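Sequences are here, hints too, so could you generate the full structure?
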Amino acid sequence: MRNRNATAYRFLTPYLLIFAIFWVWPIISSFMISFQATRTVPWRFAPGFNWGRLIGDPAFFNALKNTLLILVIQVPVMISLALVMAVLLNSPLLKARGLYRFAFFAPVVVGEVAYSAVFRLMFNLDFGIINKLLNSIGLPKIDWFSNVTPAMALIMIAVTWRWAGYNAIILLAGMQSIPEDVYEAATLDRVSKLKQFFYITLPLLKPVIVFCLVLSIIGTMQLFTEPFLITERGGPGGGTETLGLLLYRQGFRSLNFGYASAVAYTMAGLAIAITLAQLWLTRGPK
Amino acid sequence: MSSRSSARLGRSIALHLVLTPLALIWLFPLWMMVVFSTMPDNGIFSPGIELLPHGNFIDNFNNLQRDTNFVGAIGISVSVAVTYTFLSVLLTSMAGWALARYQFFGKGAVVAIILGTITLPYAVVLIPQFIMVARDFKLANTWVALIVPPLFNSLGVLFMRQSFSMMPDDLFDAARVEGVKEWRIFLFVALPLARPMLAALAIILFLASWNNYLWPLLINSQPGSMTAPVALGTLIGLTKVSWGGIMAGAVMLTVPMLVVFVLLQRHFIAGIAAGAVK
Chain A
0 MRNRNATAYR FLTPYLLIFA IFWVWPIISS FMISFQATRT VPWRFAPGFN WGRLIGDPAF
60 FNALKNTLLI LVIQVPVMIS LALVMAVLLN SPLLKARGLY RFAFFAPVVV GEVAYSAVFR
120 LMFNLDFGII NKLLNSIGLP KIDWFSNVTP AMALIMIAVT WRWAGYNAII LLAGMQSIPE
180 DVYEAATLDR VSKLKQFFYI TLPLLKPVIV FCLVLSIIGT MQLFTEPFLI TERGGPGGGT
240 ETLGLLLYRQ GFRSLNFGYA SAVAYTMAGL AIAITLAQLW LTRGPK
Chain B
0 MSSRSSARLG RSIALHLVLT PLALIWLFPL WMMVVFSTMP DNGIFSPGIE LLPHGNFIDN
60 FNNLQRDTNF VGAIGISVSV AVTYTFLSVL LTSMAGWALA RYQFFGKGAV VAIILGTITL
120 PYAVVLIPQF IMVARDFKLA NTWVALIVPP LFNSLGVLFM RQSFSMMPDD LFDAARVEGV
180 KEWRIFLFVA LPLARPMLAA LAIILFLASW NNYLWPLLIN SQPGSMTAPV ALGTLIGLTK
240 VSWGGIMAGA VMLTVPMLVV FVLLQRHFIA GIAAGAVK
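Chains A and B, in that order, are what the protein sequence lines are. Numbering of the first sequence is given in numbering that gives the first Met the number 0, commencing with residue 0 and proceeding in unit increments. Numbering of the second sequence is given in numbering that gives the first Met the number 0, commencing with residue 0 and proceeding in unit increments.
Hints in this document: simulated from the structure, not taken from any laboratory. In this text, all values refer to a predicted model and were calculated from it rather than measured experimentally. Note that CB positions come from ideal geometry on N, CA and C, so glycine has one too. Please note that the accuracy of each hint is not assured.
Said to hold, decoys possible - If we take Cβ atoms under 7 angstroms as the criterion, some of the chain B residues that face chain A in the derived model are:
id, residue
1, Phe104
2, Leu114
3, Ile271
Shown next as structure tokens:
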């Protein structure tokens, strides 16, 4: 490799230009906007205006609570499920591997709008197939859309369905990069498959699991489409309102960009804090 | 049968007994999407359990087209996704090439910044992007607004950097000795060699553009400029709307991607797995 500043930057310029215009400047800009009163034109600098409101806004704390609740339940459940999928799909005993892979990986290509629409129909109170099936095995119908707990559960089910396979793909690739002879040696030493999973697979897979966790946390942190479309704008009565939805309503319904930017920076702060905590907690002994 | 192979058989049966119900549950929403798209509205909203397709898809599609210009929206989505994919693959592989093959001032900083953006929520740039594109550039409801701002992506660049850095040096050095220019080496030596990786990248980028919802929802909100997911999303939640039609639209958005997925599964999976395996 040679030192070639001019050539390198010629290749990098278009990419860096897009980055500067559509990422660097917005990152700075939204920080500054969060310190401005934006409900009247011209905007004016008012450092405590949005942040002060944020601290005392029940709607913000409701959205924060819902987002964190989804985060702490949905992400671990999904990653565990993805791990199970990956382990089972990786088994040499599996027949018709392609079919199973299709089943779990297919949701990865399904758009948010399409699957939100299907989930709305499937979980409909009177005509949804889920309640019909519950009824047919003698269980009562669940009102998925009018009560907060089932509505939250529905959002978590939907997101898990959509993203578990995506994480399973990444985990499976990670597992397949673990050298085969490690397992062969363990098998010769009569180490059970279960022990092999806990003492070989999991430790070697840790960086990949952390990567999945970080991506999932950042994704769930910004959850928007599912509560927007499935539970009808965060219903019932704000019961599934997330930070992403609050940002949308404040920024693009009320056109209050200052307050929405403060919400955005709260999300970023949380995402960074959780990611750092994650990396710190799972750091290697080295 | 020896005890070892019967233990194997037992394990194999247990494996399939766990995996099959899980796979069926996972396929169920997709199957129901297809079933709903072929049922008349009064069939969807009826007390019976229907698990098999009917013959109403064309009627549903006509209802959808009556509710919103879905064909036009599909046209926009396809054009935007194709253009976006081409531009993004070019931009991303150029940047990946520079990071993989040259030593230059500020390289470490560029890589660090790209890595840093992975953990940064998109929400932080959303509002200024919107203000800039809609108010300052006056580009709302145009194709440019749909294509250009999402061009930046971090995982793709890291993937291409990785792909190019694995290629042997002498390949390019031979061309340099002949006096071939760097951009020609990139275009005519490196890119053809990276074809499988480019395919993986292109599929992931196409899919991202095809399914993109939040940004197109915000920036192209005029009926004639909406992408297909946005047009479909406007119908969800309306009271007088054909749900069979919505499902027909969902099928039209999903099934082509499923076909691509089946045909190009290897590239697809490589593209997604690329982020994690270094």
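These are the hints, each one checked on the structure:
1. Phe104: This interface hint holds because 5 angstroms falls under the 7 angstroms limit.
2. Leu114: Check failed: Cβ of Leu114 of chain B comes no nearer than 11 angstroms to chain A, outside 7 angstroms.
3. Ile271: This interface hint holds because 5 angstroms falls under the 7 angstroms limit.
The structure fails to meet hint 2 from the earlier list, while all remaining hints are met.
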